[in-house]
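**Student:** Going down the list, the sequences are from chains A and B.
Residue 1 is where the first sequence starts when you use our numbering, and the numbers rise one by one after that.
Residue 1 is where the second sequence starts when you use our numbering, and the numbers rise one by one after that.
No lab work stands behind these hints: they were computed from the structure.
Note that beta-carbon positions come from the ideal geometry of N, C-alpha and C, so glycine has one too.
There could be a bad hint or two in this list.
Here are the computed lysine-lysine pairs in the BS3-like style, where the Cα-Cα straight-line distance is at most 30 Å [stated by the list, open to error]:
{"#": "1", "chain 1": "B", "residue 1": "K13", "chain 2": "A", "residue 2": "K127"}
{"#": "2", "chain 1": "A", "residue 1": "K64", "chain 2": "B", "residue 2": "K113"}
{"#": "3", "chain 1": "B", "residue 1": "K3", "chain 2": "B", "residue 2": "K172"}
{"#": "4", "chain 1": "B", "residue 1": "K13", "chain 2": "A", "residue 2": "K125"}
Some chain B residues flagged as far from chain A (calculated, every beta-carbon gap over 12 Å) [said to hold, decoys possible]:
{"#": "5", "residue": "F19"}
{"#": "6", "residue": "L30"}
{"#": "7", "residue": "L35"}
{"#": "8", "residue": "S60"}
{"#": "9", "residue": "T91"}
{"#": "10", "residue": "F110"}
{"#": "11", "residue": "V128"}
{"#": "12", "residue": "D175"}
{"#": "13", "residue": "T178"}
{"#": "14", "residue": "A179"}
{"#": "15", "residue": "K181"}
{"#": "16", "residue": "L192"}
{"#": "17", "residue": "I204"}
{"#": "18", "residue": "Y213"}
{"#": "19", "residue": "W274"}
Here are a few chain B residues that sit away from chain A, every Cβ distance over 12 Å (derived from the structure) [as the list claims (entries may be wrong)]:
{"#": "20", "residue": "I9"}
{"#": "21", "residue": "A29"}
{"#": "22", "residue": "S50"}
{"#": "23", "residue": "G66"}
{"#": "24", "residue": "Q71"}
{"#": "25", "residue": "F94"}
{"#": "26", "residue": "V171"}
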Amino acid sequence: MLRYIARRLLLLPLVVLGVTFFLFFLTQRLSPEMRASLYIKDPRQMGAMEEIIEKYGLRDNVFKQYGRWLGRALKGDLGYSQSANMPVTQAIKEYMPATIQLAVVTILLVVFFGVWFGCLSAVYKDKWPDVLARLISVGGFSLPIFVLGLLLLMLFYGKLGWFPPGGYSIATDTVIHLPTFHHYTGFLLLDSLLNGNIRVFIDVLRHLFLPAFTLCLGSFALMVRVMRSSMLEELNKDYIRTARAKGLTERAVIYRHAGKNAIIPVITLAGIQFIRLLGGTVIVETIFDYPGIGRFGVTAAQQLDIAGIMGFSLMVAILFVLGNLVSDILYTAIDPRIKLNE
Amino acid sequence: MNKRIWQRILQNKASLLGFVLIALFACVALFAPLLAPAHNAQNPYRLPQSSYDITPQPPSAQHIFGTTEQQYDLYYGVVWGTRLAFKIGLTVTFFAFLIGLILGAGAAYFGGKIDELIMRFTDIVFAVPSLVLAMVIAAMLGPDIKNMMIALTVVSWPSYARLVRGDVLSVKQRDFVTASKALGARGPRLLLRHILPNSIYPSIVVASLDIGYIVLTAASLSFLGLGAQPGTADWGQLIALARNWVLGNGTNTFAYWYTVVIPGGAIFLFVLGWNLLGDGFRDILDPRQGS
Chain A
1 MLRYIARRLL LLPLVVLGVT FFLFFLTQRL SPEMRASLYI KDPRQMGAME EIIEKYGLRD
61 NVFKQYGRWL GRALKGDLGY SQSANMPVTQ AIKEYMPATI QLAVVTILLV VFFGVWFGCL
121 SAVYKDKWPD VLARLISVGG FSLPIFVLGL LLLMLFYGKL GWFPPGGYSI ATDTVIHLPT
181 FHHYTGFLLL DSLLNGNIRV FIDVLRHLFL PAFTLCLGSF ALMVRVMRSS MLEELNKDYI
241 RTARAKGLTE RAVIYRHAGK NAIIPVITLA GIQFIRLLGG TVIVETIFDY PGIGRFGVTA
301 AQQLDIAGIM GFSLMVAILF VLGNLVSDIL YTAIDPRIKL NE
Chain B
1 MNKRIWQRIL QNKASLLGFV LIALFACVAL FAPLLAPAHN AQNPYRLPQS SYDITPQPPS
61 AQHIFGTTEQ QYDLYYGVVW GTRLAFKIGL TVTFFAFLIG LILGAGAAYF GGKIDELIMR
121 FTDIVFAVPS LVLAMVIAAM LGPDIKNMMI ALTVVSWPSY ARLVRGDVLS VKQRDFVTAS
181 KALGARGPRL LLRHILPNSI YPSIVVASLD IGYIVLTAAS LSFLGLGAQP GTADWGQLIA
241 LARNWVLGNG TNTFAYWYTV VIPGGAIFLF VLGWNLLGDG FRDILDPRQG S
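Start from the sequences and build out the full structure, keeping to the hints where you can.
**Tutor:** Encoded structure:
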């Protein structure tokens with residue numbers, strides 16, 4: 001077990017190096033002039049194109065250039081993001097908490113509703129709750145999140161005005177930039193509670209709800225399926241018959257006995273989905289104009305902001321690899337029948 | 001074996017529905033030139049534009065599905081978008097599977113260092129969520145349909161490589177392979193004539209059912225402006241044109257519903273069809289499920 005973890009941790013830098021080199025190699029498809037123009041902030045500098053190319057060594061071979069990027073990255077300097085108008089590290093620091101916050105709220109919604117629907121579906125197998133849950137889960141896999149997002153925006157913002165897009169309202173923006181508002185954690189939901197400012201908390205939650213709900217969709221569908229089949233498997237086991245035979249109520253049998261065991265695979269799945277969500281936020285954050293790392297990545301990609309793209313991919317790769325490792329470990333911790341060996 | 005699988009697919013209501021949906025879409029794609037005569041013979045995927053008026057127009061006799069902003073015809077877009085969806089899905093799946101097949105079979109057959117090298121490379125591609133990686137690659141190559149297909153191929157082949165590698169590794173151990181070795185089969189002949197035909201059938205099915213997912217990812221890229229460009233008959237692109245109109249016209253929020261619902265409905269039904277069909281196949285191919 002420990003050897004497996006150590007091996008995977010040792011592979012982590014290699015994988016991250018691979019990803020970043022691969023992407024860096026791709027950036028070389030852009031001409032040196034195009035890459036140099038990223039350094040130009042003033043039209044009057046256009047004449048100095050050659051100097052800029054010389055100064056930053058944009059014609060050097062790709063290994064040399066990658067080496068320079070890596071050297072700076074190791075020192076914590078990921079360059080300046082043109083699209084976000086700030087250093088990449090600062091952009092990550094600023095946008096990451098919002099995305100994590102979104103992912104946490106989403107995963108809570110997914111687990112809660114997934115377990116609930118999955119349970120209902122298993123207990124009422126082949127009756128209408130089951131049919132409904134299965135329809136939702138098949139539909140959820142097939143409906144693109146950008147279509148759902150736009151429809152929800154139409155209904156809940158356009159028509160009802162309940163959940164506005166963006167990260168928070170202008171009033172909140174003013175409050176959180178006051179010197180009296182302390183940023184303890186960087187997560188606005190937590191910080192607003194720690195500051196005792198319930199209005200900010202509610203405002204942030206209001207802006208969080210629609211993106212979280214939209215993001216739920218794919219994971220929710222998966223969660224219902226897993227919970228349903230896991231619950232069906234448990235309900236067929238002998239101990240359930242025993243529990244029923246000794247006269248327990250059906251409620252106790254379902255929730256205290258079967259449900260408790262059936263939820264195990266759901267929890268591990270939630271761990272994996274959490275990491276997937278971090279990647280899946282790119283579309284949702286773009287639709288709802290939510291100030292997270294996904295929107296930062298999309299804007300960087302759209303505007304060919306190379307420093308931004310590299311920083312974003314680096315961040316996502318590290319999170320993704322670490323997250324997959326954690327969920328592998330969770331698997332073995334929960335189900336000892338699974339052995340980690342490669 | 002083929003006949004039995006098809007019988008079971010058609011007996012199940014859900015997978016039958018999937019089959020019907022895909023068949024319908026295939027007909028639309030096939031007969032696109034009849035359903036919506038191309039106005040531009042050189043590039044039929046280019047949408048006709050009746051004027052440059054910014055406001056979408058509701059369904060009418062002239063435009064039965066209405067128009068998007070800048071007066072692109074939605075009916076034309078949905079019909080030719082179907083053909084484009086098949087084109088993207090089939091091309092990407094074909095090339096991704098081909099690359100996955102060559103590298104996966106090579107890795108399993110030769111083993112050792114080659115195996116390690118190829119599999120570590122798949123790890124790299126797996127280390128970033130596929131939509132994110134495709135997005136970055138498409139951005140660097142420049143947004144158009146061809147580059148989008150390249151990006152999707154690059155992010156899709158590793159899963160097939162792993163699949164094929166696993167298949168080949170398990171078949172390699174079987175007795176008939178030892179037998180054919182004993183009979184003198186060597187090298188490429190052993191791999192191509194004996195191992196591959198007996199191992200890749202399930203993988204091909206799995207791969208072909210990914211078409212729905214690939215079209216979904218392609219639509220996402222176009223929606224983000226990193227795939228098909230404005231004016232292309234591409235579903236994701238059509239929905240991107242709807243983004244400015246989801247809040248309606250001030251008096252009626254749902255005034256421009258058709259700009260989202262019509263192209264969105266097309267993607268939904270297309271992907272739904274593949275998913276339903278895919279579930280049917282997976283149930284049949286999964287030995288644990290029994291019959």
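**Student:** So, for every hint listed, does it hold in this structure?
**Tutor:** To see whether the hints hold, each was checked on the structure:
1. K13(B) to K127(A): Within the cut-off at roughly 16 Å; holds.
2. K64(A) to K113(B): 27 Å, holds
3. K3(B) to K172(B): Given pair K3(B), K172(B) holds - Cα atoms ~27 Å apart, limit 30 Å.
4. K13(B) to K125(A): Holds - the C-alpha atoms of K125(A) and K13(B) are around 17 Å apart, at most 30 Å.
5. F19: 15 Å, holds
6. L30: 22 Å, holds
7. L35: Consistent with the label, L35(B) stays out of reach of chain A, its closest Cβ about 23 Å off (over 12 Å).
8. S60: 22 Å, holds
9. T91: 20 Å, holds
10. F110: 18 Å, holds
11. V128: Violated: least Cβ distance 5 Å, not greater than 12 Å.
12. D175: 26 Å, holds
13. T178: 26 Å, holds
14. A179: 30 Å, holds
15. K181: Label holds. Min Cβ-Cβ 27 Å, cutoff 12 Å.
16. L192: Per Cβ check, L192(B) is outside 12 Å of chain A; nearest 28 Å; holds.
17. I204: 22 Å, holds
18. Y213: At about 9 Å from chain A, Y213(B) fails to clear the 12 Å cut-off, so the statement is violated.
19. W274: Nearest chain A Cβ is 8 Å from W274(B), so the label is violated.
20. I9: 16 Å, holds
21. A29: Nearest chain A Cβ is 18 Å from A29(B), so the label holds.
22. S50: Given that every Cβ of chain A is farther than 12 Å from that of S50(B), nearest at about 24 Å, it holds.
23. G66: 16 Å, holds
24. Q71: Since the minimum Cβ distance to chain A is about 20 Å, Q71(B) lies beyond 12 Å and the statement holds.
25. F94: 23 Å, holds
26. V171: Consistent with the label, V171(B) stays out of reach of chain A, its closest Cβ about 21 Å off (over 12 Å).
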